[in-house]
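Here is how the chains run, residue by residue.
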Amino acid sequence: MKDQDWNISRKNFVRTMLLGGLALQLPWLQSCTDEHGFPIPANLDPLTKDQFVTLQHLLLILFPDDGNGPSAIDIHADQYILWVLNDPELDPNENNFIIEKLDLFQEKCAESLSMDFKSLSIAEQQDFVSTISREKWGKRWMSRLLTLIFEALLLDPSYGGNSEEVGWNWLAHNPGYPRPHDKIRYPNILSLKHEV
Amino acid sequence: MKYDVCVIGSGAGAGPVIYELSKEGYKVVVLEKGPWFKTEDFAKDEMVATRRSVYTPNLRDERHVLVKKEKDGKYWSKSTYSSGKDFWNGSAIGGSSNFMSAYFHRLKPVDFKLLSEFGPIEGANVTDWPISYEELEPYYAKTEKIVGVSGTVSKHSFLEPRSTPDFPYPPLAENIFAKWLDKGAERLNYELFPTPRGIISKQKDERQSCFYSNYCGSYGCSSDAKSSSRVALINDALATGNCTVLPNSKVYHLETDGKGRIVKANYYDHDGTRQAIEARIFVVAAQAVETSRLLLMSKNEEFPNGLANNAGQVGKNIVFSGGGVGSGQLFFDDLSEEDASQLNTPGLFINRASQQWYVIDDPDFGPRMKGGTIDFVSEHANGVTKAIRQKYDGSGNLVFGSDLKSKLKAYFTEQRKLKYEIFVDWLPNDKCFVELDDEVTDKWGDPVAKVWLGYHEHDLKVGRYIAEKAEALFKEIGMKHVSTGISGSVSPNLQAGGCRFGNDPQTSVLDKNCRAHEVDNLYVTDGSFMPTGGSVTYTFTIYANSFRVAESIIASLKSQA
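Quick mapping for you: the protein sequence lines, in order, are chains H and G.
When we follow my numbering, the leftmost residue of the first sequence carries the number 1, and every step to the right adds one.
When we follow my numbering, the leftmost residue of the second sequence carries the number 1, and every step to the right adds one.
Isolated chain H, as found in the complex:
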């Protein structure tokens, strides 16, 4: 992306967030669920539906619904990652890395197991994730995904994750006060101006 395009893009992003109120909720209103019952947002850009559903399955291996606290889907980590992928303030190379390696992950799965990752059993998915996590690219990629899961788990719920403070409650985490309000929440705070 050229710097000029990037600057226009980031301005539009901030403006959209200002007009839209809460940073995350409007662009990602859920419209349906997939065959596994996972919520599918209306707008998946920049991912395809196949990429998004694969991501959801992977997130549930990384942070499962195992009876010990919320799962990745419970904290909306999938939709949070979509928001991150749309954030022009972030390094586009880092976001492209997430998408490119998601494709590579799918390719490797098809190559080695002749099946879609999402069609594998849970045990097979766990084994495959374990294998990929030992590869250099896989380790770095999943580490990034885990960081984003943690952000969805532990940042203020107004960022779209940690719904009803489920992450904070699970980990008895004290978030501190005052909590952010709309004008000073990221990315709105970037365009905050005071009269000189």
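No lab work stands behind these hints: they were computed from the structure.
Since this is a predicted model, take the numbers as computed values, not measurements.
Yeah, the Cβ is synthetic: ideal placement off N, Cα and C, and Gly gets one too.
Careful, some of the hints might be misleading.
[Claimed, not checked] Here are the simulated lysine to aspartate or glutamate pairs, EDC-like style, with alpha carbons at most 20 angstroms apart:
1. G/Lys85 <-> H/Asp182
2. G/Lys419 <-> G/Glu457
3. G/Lys391 <-> H/Glu94
4. H/Lys139 <-> G/Asp393
5. H/Lys183 <-> G/Asp393
6. G/Lys85 <-> H/Glu195
[Stated by the list, open to error] Footprint (simulated), chain H over chain G, 3 or more residues, beta carbon under 8 angstroms:
7. 240-251
8. 376-388
9. 398-409
10. 417-431
Assemble chain G onto chain H, guided by the hints.
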């Protein structure tokens, strides 16, 4: 309009000058690269404070090139945009003082004469300061009162001489862990004392007392208890009507008149348009690295190597804080219910330090030498940061799934991690300096600072010696998994040097009053002036010195009148 004084930067080095000159009736303009966040703009939002570039520039726009020494002794260079290792601190009105943890130790008399006291160290450019502790002491006292420092004076071997009996603000409330440390220290014959903090514990004018939010370092303060330059000094300066603050104004060049005096500060405004400010005196306080960068960028026929750099000293002898960090854990199952509950109380400070080994006089270790400080602190409350540290197992493999969730749950709910920070002198040396990068530029097209981060092995040796003392105390009070990391890694928020003050224009950039030897109307008042850094964080000393220099500037302006 021609101002009396143009100040570049608005942090701890700038605030006292802005405050004193405005109060004295001089017209002061402040050019600050960052935006103007006010108190109501601060919340306890980990996203804004640490997860995204909000209080610091976006690395796509502005970056550094860092040159680091590897274990094999070789140096490699990388842009922080490529590495993702951000080297910025707070960029805003008030600078990084908005976001400091505010450990406010004074330097000791010995810090002003390291060369005389301990002699030279091969490979290090140690020198004495041109002033003594006694000359700076009144300004420490002034900082305690005006900027606001809390604590209580407690006698110990290296307690510095004071002109006032105690701090103007009583100590902040403490976690029970501080008492456990005290008991352990008594058994080991260690000297601990309450850590002074640049955080006020009772109301001062419009500023409220600390309300123990549990989120201090890296966060803006919502009660104005934290003694930032913005709330403690600039707000009062603005009230005089003599001070103009221009945020989002990035100075890129200081223009001279061909007779060794600066006439204009050229800057980019918030739209990127080139603007200029005229003044009688210019004060640069952009934090050490950026101050050197600005002077190096301000080349012209008079100063072909950069402003005030005809002796080639600008950017040299940058120092950081040597040492490292250690930690230990206390598990709630090992404690009574009441002790666990008190230990786990959020918000209260540990506030214990030791300077028993500020000078090491141990024949088994070596000749008498400069030592350092131990500060005992809590692990930061940031949830995401704590979680990220759980991603890997002991072998460096990624942990995921139910194993990761169990690890997270245990870490957050079954223990508390406490830490100690070791501060030793970062010996100035020829491999630690700032220059302009030949290739990488910022969003305005100006060369970025290339920072060489060479360290001296002596720093690690001293750091490890002191860390052993801290480790012993943690073990004495029953802490588990005690470990220390001493390295030559840099804390970018603890930077000084680059424009040493001294009496010899050939070996220093500034005179003893922090005026440039080569430029009559240029002062530098951030940490750049420090020839050696001492074994404490710098902010308190930067504030004190800036108050001292402000008096000199006022005297200069009066003599011109």
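Measure nothing beyond the straight line between the CA atoms of H/Lys183 and G/Asp393; if it is 20 angstroms or shorter, mark the hint as holding.
violated (39 angstroms)
G/Lys419 and G/Glu457: Cα distance at most 20 angstroms?
violated (24 angstroms)
For the pair supplied as a hint, G/Lys85 and H/Asp182, is the alpha-carbon distance within the 20 angstroms limit?
Violated, because 29 angstroms separates the two Cα atoms, which is more than 20 angstroms.
Coverage criterion applied to the region 398-409 of chain G (partner chain H; beta-carbon cut 8 angstroms; 3 residues):
holds (count 9)
Given the hinted pair G/Lys391 and H/Glu94, is their Cα-Cα distance within 20 angstroms?
holds (19 angstroms)
Stated coverage of the region 240-251 of chain G by chain H [criterion: 3+ residues, CB within 8 angstroms]
holds (count 4)
In terms of beta carbon proximity below 8 angstroms, does the region 417-431 of chain G have 3 or more residues touching chain H?
With 0 residues close enough to chain H, the hint is violated.
Pair hint H/Lys139 and G/Asp393, alpha-carbon separation not exceeding 20 angstroms
holds (13 angstroms)
Coverage of the region 376-388 of chain G by chain H (three or more Cβ within 8 angstroms)
Per the Cβ count (5), the hint holds.
Within 20 angstroms, alpha carbon to alpha carbon, are G/Lys85 and H/Glu195?
violated (33 angstroms)
Checked against the numbered hints given earlier, this structure breaks hints 1, 2, 5, 6 and 10; the rest are met.
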